[in-house]
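Sequences are here, hints too, so could you generate the full structure?
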Amino acid sequence: MTAPASSAPGSVRFAAGLTTIFLVVAVATGLFLIAHAVRGAVDGGDEVSFRGAVRVSNAQPAGSVPHGVRLENPGIADVPVHIEDASTKQEMVALARDLLPVVLIAIGLWTIRRILRSVRDADPFIEANVRRLRLIAVLLMFVPFVVGIRHYLDNALAASVPRLTNWPNGEGLSLNGPAAGLIVLVLAEVFAHGVRLREDVEGTI
Amino acid sequence: MTSISEHGIAVHLDDLLERRGMTLTELADLVDVTVVNLSVLKNGRARAVRFSTLAAICRALDCQPGELLTID
Numbered sequence: 001m002t003a004p005a006s007s008a009p010g011s012v013r014f015a016a017g018l019t020t021i022f023l024v025v026a027v028a029t030g031l032f033l034i035a036h037a038v039r040g041a042v043d044g045g046d047e048v049s050f051r052g053a054v055r056v057s058n059a060q061p062a063g064s065v066p067h068g069v070r071l072e073n074p075g076i077a078d079v080p081v082h083i084e085d086a087s088t089k090q091e092m093v094a095l096a097r098d099l100l101p102v103v104l105i106a107i108g109l110w111t112i113r114r115i116l117r118s119v120r121d122a123d124p125f126i127e128a129n130v131r132r133l134r135l136i137a138v139l140l141m142f143v144p145f146v147v148g149i150r151h152y153l154d155n156a157l158a159a160s161v162p163r164l165t166n167w168p169n170g171e172g173l174s175l176n177g178p179a180a181g182l183i184v185l186v187l188a189e190v191f192a193h194g195v196r197l198r199e200d201v202e203g204t205i
Numbered sequence: 001m002t003s004i005s006e007h008g009i010a011v012h013l014d015d016l017l018e019r020r021g022m023t024l025t026e027l028a029d030l031v032d033v034t035v036v037n038l039s040v041l042k043n044g045r046a047r048a049v050r051f052s053t054l055a056a057i058c059r060a061l062d063c064q065p066g067e068l069l070t071i072d
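Protein sequences appear in the order of chains A and P. Mapping to our numbering: the first sequence position 19 is 19, numbers consecutive. Mapping to our numbering: the second sequence position 42 is 42, numbers consecutive.
Worth double-checking, as some hints may not be accurate.
Far from chain A, by Cβ distances over 10 Å, these chain P residues were calculated [to be verified]: (1) Ala10; (2) Leu16; (3) Thr23; (4) Ala55; (5) Cys58; (6) Gln64; (7) Gly66.
Computed, partial: chain A to chain P, Cβ under 10 Å [as the list claims (entries may be wrong)]: (8) Asp200; (9) Val201; (10) Glu202; (11) Gly203; (12) Thr204.
Since the hints were derived computationally from the structure, they do not count as laboratory data. Backbone N, C-alpha and C fix where the C-beta goes; we use that ideal spot for every residue, glycine too.
Listed below in structure tokens is the structure:
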């Protein structure tokens, strides 16, 4: 049983519209990254950037440090590095690093869009939505691994630069993604229970 | 015509409607249940019936639940 799309609450339609916009932006970004990398690889002379944590001693802030406040020395500074006239290999490594999160975000947005469509059709408690929520939970739990892969690729870029030695590894893992993934996983199980309840009620006059 | 559900419950709605000279649509208006749902019940495809619905149908058809539903 589905309801007409026009009868869906405004909030659902707003969320669906917003998700679609973000999805279009994600896809466009991905296509742009690919086109940019291919053009750079073909034409040459393109610039590739990455960020790395650099250990610094005697760090000085932009403003003054009040009494009772001290800076940690040696400290860690986040430094952008630009490789001018990047090679094809460096272009491809940078492309892989930038494309990975965009692809995963696009998958997540597409899945959210499908869920919202079922809500719009007044039919959200279906097995497909349980699977979609579990997929989103897995994507969120994989965030630290994606960050780790990006750091690995950043280090690969740093290693490809002659005389840029002793480049430190990336920072520690964040638990935000896994925590959010856990919450979504719980929501998926709530939906699974809703599917079972719906099956019980379906066919009741 | 009597319909038997997968649970072996026989629904005698057709017989009762014929006896009362009532159509399914008229019954639907009286008991505030859609024609579609009444058709599901009539054809033995319902999985459960609420007491409120059963009571409304029996009042409209002037019958007892045991006349509407029997078990084989």
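To see whether the hints hold, each was checked on the structure:
1. Ala10: holds, 15 Å
2. Leu16: Non-interface label stands for Leu16 (chain P): nearest chain A Cβ at 15 Å, farther than 10 Å.
3. Thr23: holds, 18 Å
4. Ala55: Since the minimum Cβ distance to chain A is about 12 Å, Ala55 (chain P) lies beyond 10 Å and the statement holds.
5. Cys58: Holds, because the least Cβ-Cβ distance between Cys58 (chain P) and chain A comes to about 13 Å, which exceeds 10 Å.
6. Gln64: holds, 18 Å
7. Gly66: holds, 18 Å
8. Asp200: Holds: closest Cβ of chain P sits about 8 Å from Asp200 (chain A), inside 10 Å.
9. Val201: holds, 8 Å
10. Glu202: holds, 7 Å
11. Gly203: The hint holds - Gly203 (chain A) has a Cβ within 10 Å of chain P, the shortest such distance being about 3 Å.
12. Thr204: holds, 4 Å
In summary, this structure violates none of the numbered hints.
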